[in-house]
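Given chain A, put chain B in place with the hints provided.
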Amino acid sequence: MNPYLPVLMFLVFGVTIGLILSAISYFVGPQGKKNSIKSEPYECGVPMAGVAQEKFSVKFYLTAILFILFDIETVFLYVWARTFGELGWFGVVEIFVFLVILLAGYIYVLRRGALEWN
Amino acid sequence: MLETVLGFFRENDFWLEFLITVIKIIVVFGICAQIPPFMVWFERRAPAFMQRRKGPNRVGLFGFRLFGLIQPLADTIKLIFKEEVVPTGAHKFFYHIAPVFSLFTSLMVAAAIPFGPPLVILGRTITLSVVNLDVGFLFIFALSSLGVYGITLAGYSSNNKYSLMGALRAAAQMISYEIPLGLSLIPIVIIFGTLDLNSIVVAQANVWDWGIFRAPISFFLFVIAMFAETNRAPFDLAESEAELVAGFHTEYNSFKFSLFYFGEYVSMFVLSCLASICFFGGWQTGFISQNDLTSLLFGIQPLAVLVGVLMTFLKASFFMWLFVWVRWTLPRFRYDQLMNLGWKFMMPIGLFNIVLTAVIAGAIAFK
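Protein chains in written order, with my numbering: chain A, 1 to 118; chain B, 1 to 367.
Careful: at least some of the hints might be erroneous.
What the hints assert, rightly or not - Lysine to any residue pairs mimicking SDA-like chemistry, simulated, CA-CA at most 20 angstroms apart:
id : chain 1 : residue 1 : chain 2 : residue 2
1  : A       : K55       : A       : I65
2  : A       : K34       : B       : K82
3  : B       : K78       : B       : N253
4  : B       : K92       : A       : E54
5  : B       : K344      : A       : V100
6  : B       : K344      : A       : E73
7  : A       : K38       : B       : Y95
8  : A       : K38       : A       : G50
9  : A       : K38       : B       : K344
10 : A       : K34       : B       : F81
Unchecked claim - Non-contacting residues of chain B with respect to chain A, defined by C-beta distances greater than 10 angstroms in every case (computed):
id : residue
11 : E3
12 : T4
13 : K24
14 : A46
15 : K54
16 : A74
17 : F139
18 : Y149
19 : D292
20 : L303
21 : L310
22 : W325
23 : M347
To be verified - Covered, in the sense of this in silico footprint (three residues per stretch, anywhere, with C-beta under 8 angstroms from a C-beta of chain A), are these stretches of chain B:
id : segment
24 : 79-91
25 : 151-159
26 : 169-176
For the record, the hints were derived by calculation from the structure and aren't laboratory data.
Note that this is a predicted model, so its numbers are computed, not measured.
All residues carry an ideal CB built from backbone N, CA and C; glycine is no exception.
Isolated chain B, as found in the complex:
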C-alpha cells in the first residue's frame, strides 16, 4: 500500500510538487494562526509591565498559569460561542464577506515570504515559501493593497456612521502610505538588482551587505509606512476610540470581529518579515555563510535551515516588539498631520532617496 503511494509520487512529479505545496500551505497557515493569539497576549502583557501592572496572568491549563498565555485561547472560545447580531439595514453580502477578505489577503501575502533557505531533502530542493515568484515584491504589493477592500467593505456595509468614517479614514490612509512604502523599497531593488525576495536574502550574507547599511533612508521610510499600512498606533486613526467608537468594525461581533484582528496581526507579521528580509538579511545570520553553517552543524542541511528560519523569526519578532513598543509610547496623530506626513514629507524624501541611490549606485557600478 505504502509502496504503491510512494511509487505513484516518484513517477508523477507534478503531484509530488502539488503535495509539497499543500503541506507548505498548511504550515504557513499554521504559523500565521499562531501570531494573533500570541500578539493579543503580548499586547496586553507588555504595556502592563510598562505601566507597572500585572496584565492577564490568571488563565491557565491544569493548574499551570503559564504567564496567562492561555488567555487568548479562552477569548477565542468565548468569541466563537457568542451570538451573531447583524445590524438592521446592513448590506448582507458585503457585511459577511468583508472579514473573509481581510483574512485571506493578509494570508496571501505571507505566501510569498521566504522563511528560510531552500531545504534539500533526498536530492530535492524545496523552497521555504509557498509562492516562489521572481516578482515577489510586486506580488506582495499587489496583495497587500487589496487589504483595503476588506476594511472599506466592512465600514460601508455596516449601516453605521462611525464605521463609514473609520473605513474612509483607513482607506485614505492606507492608500496614501502605499506610495512611500513602494518608493522606499526601490533603492533595495536598485542595489540588489532583483525583485526576487530569496535572491535579495542570498545577497546579504555579510552584515555590512545588509540593506539597512546600504539604504538607511529607505529603512526609516519603510518602518514609518509599515506602521501606517497596518493602521497601528501612532497612525491608528481608523479606530480612534474617542471619536469613532471602534472604527470600521464597530458593528462586528462574535468570531467575525476577531477575523479583522487576525488579518491585522498577520499583515503586521508579514511586513515585519519583509522588513527583516530587505534590511536585516532575512534568514542569513550575517557572519557565517549557509555552507559554512551546514558544515559546522555536522553537514546536516535541515539543521542549518532551522537556524535560518529561527533567524527570520528573531528579526521579525524585533519588529513585532517595535509595533507594541511604539503603540504604548507615542500619542496618536491628528488626521491632517498624518496626511501631511505621508504626502508632503515622506513622498518627496522617498523620491530624493531614489535619486541619491541611483547616483551613488551608478557611480560605483558604471564608472
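Next up, chain A with everything else stripped away, as it sits in the complex:
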C-alpha cells in the first residue's frame, strides 16, 4: 500500500468530520429572527465605524517575506542533516559556507531595521 494513501484518507476523514461538526449548530440550534443590530460585528457596543478590512502595517508583510526566506533555509538544512553521516566533514564545511552567506543577509535585515517593532 502506498504510504501516502493514508494521508489522503485522513484528509477526507478530517474534512468530513470538520464540516459535520461546524454545520451541527446550524441544524440543531434555534433559528432566531435576524435583525441588523444582532448580526452587527462586535465593536464594544457602539455602532461600527468604517470598514474592518482596513490598511494594516507593512511589517506583517515583511515578516511573511522574511519567513519564506529563512524557512527555505531550514528545509535545506534538513536535507544536509539527514545525510550528515554520509557527507562527512565536506558537508559540514559546505553548510558553514552556506550559513555564513545567510548570516550576512540576516545581519543586513537586522541593520535595516526590518525586525524592529515599536
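Frame of chain A, contents of chain B only:
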C-alpha cells in the same frame, strides 16, 4: 458469512491494509477528541487550586460529581444547541471554512505521531501511527504550518477589526516561531540520522541516549517555540483580551467557536507528543528494552505495546501540564518583545546550536 468476509481479507491484502488504516484513523480521532474536553476541565481546575479556589466541581452524572469532569460535556451540549449568528459583511465561504481548516490541519499532524511500538498480531506488524512516512518530520512541519490559514481566514472574513488584528498578530507570530521550531530539531536529525519518527524513538532505548541529554539547547528552543506556535501564554498575543476582545474568533459562536479550541488543544497535544518523541524517548521506558519488556510481561507483545502507549501519554501529559502551569505563572509578553525573542534571540541561538552539534557530532563520528 463471517468466513466469507475473513477469506476476502485474507486474499486481498490491500483491503486488509485499508481496513486497518480506517480503524487507526478512528482510534486517533477518538484520542484527539478526548483531549480538548479534558484540557478545558483541567485548565479551569488547575488554576483554581493555584489560586485557592474550587473551580468547576458541580456538574456530575447520576449524582456522582466526578470532580466536575462532566462540565466540558455540558458545555459542549450547550454550545451545540446555540443559535448561529453570522455577522453582516462577513465573507460567508471563508467564515464557514476557517474552523474546519483549523480542525483538520491539527488532526492531520496527529496522524504522523507514532503512539507506540509496532504491534504484532497474527504475524502482521501494525505501526501505531496512521501515516507511516520516512519523512515524518517534514510532514509534521508542512501540516502544522497550514494551521495558520485557519486563523488568518477566520480573522479576515469576520468583518471585525479586532478579529483582523488578532489574526495578523497570530499569523506573524506563528510563522516567526516556525523558524526556531524547525532549527531546534535539526540537531536531533543530525544525531539520529533519520527523519523517521519511529526510528528516532527506537534509537533512544537508554535514558542517556534521550534527546534532552544529547541536545539540551534544542530542547529549550523547542519548548519556547512550542508555546508560541500554539498561541499559548505567555505568547497568547492573538487573544489578549484586554486589547482585542477575543482575537481572531471574536465573531464566532455556537459549535464553530469550540472548533478553534479543539484545533488549539489538539495541536498542543501533538507538539507535546513530538517533544516527548524527540527529547524523552517517546514510547521507550528508558531503562528496559522493548524485547526485555515483552519477555517480562509473559511474552505477550500487545501488553508491552500498551506500556509503550502509556509512556507516550505520560510524557505528553507532562508537557500538557507545563502548558497550563506556565499560563498561570508568567505574564503575557508585549508584541515587540515577542518578535525580538523569536528573530533576534532564538534564531541566532538555533543556528549556533546547529554549528555546535555538527562540530561535536562530526568530531565523534568522523575522527
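Does B:A74 sit more than 10 angstroms from chain A, CB to CB?
Correct as stated: the minimum Cβ-Cβ distance to chain A is 16 angstroms, above 10 angstroms.
Test coverage of the segment 169-176 of chain B by chain A using CB-CB distances below 8 angstroms; three residues minimum.
holds (count 4)
Just checking, B:A46 versus chain A, shortest CB gap more than 10 angstroms?
For B:A46, whose nearest Cβ neighbour in chain A is about 27 angstroms away, the distance exceeds 10 angstroms, so it holds.
B:L310 remote from chain A - nearest C-beta pair above 10 angstroms
Non-interface label on B:L310 holds, nearest chain A Cβ at 24 angstroms vs cutoff 10 angstroms.
Can the restraint linking B:K344 and A:V100 be considered satisfied, given a maximum Cα separation of 20 angstroms?
16 angstroms, holds
Within a Cα-Cα threshold of 20 angstroms, do A:K38 and B:K344 meet the stated pairing?
Answer violated: A:K38 to B:K344 is near 45 angstroms, above 20 angstroms.
Verify that the Cβ of B:D292 lies farther than 10 angstroms from every Cβ atom of chain A, and report whether the claim holds or is violated.
Given a closest Cβ separation of 28 angstroms, the condition holds.
Pair hint A:K55 and A:I65, alpha-carbon separation not exceeding 20 angstroms
18 angstroms, holds
So if I understand the rule, the pair passes when the alpha-carbon distance is 20 angstroms or less; does A:K38 with A:G50 pass?
At roughly 18 angstroms apart (the allowed maximum being 20 angstroms), A:G50 and A:K38 satisfy the hint.
Check the hint pairing B:K92 with A:E54 against an upper bound of 20 angstroms on the C-alpha distance.
Holds, because 18 angstroms separates the two Cα atoms, which is no more than 20 angstroms.
Does B:W325 clear chain A by more than 10 angstroms, comparing its Cβ with all Cβ atoms of that chain?
28 angstroms, holds
B:K24 non-interfacial with respect to chain A [C-beta, more than 10 angstroms]:
Answer for B:K24: violated, closest chain A Cβ roughly 8 angstroms.
Hints 9, 13, 17, 23 from the list above are not met by this structure, while the remaining hints are.
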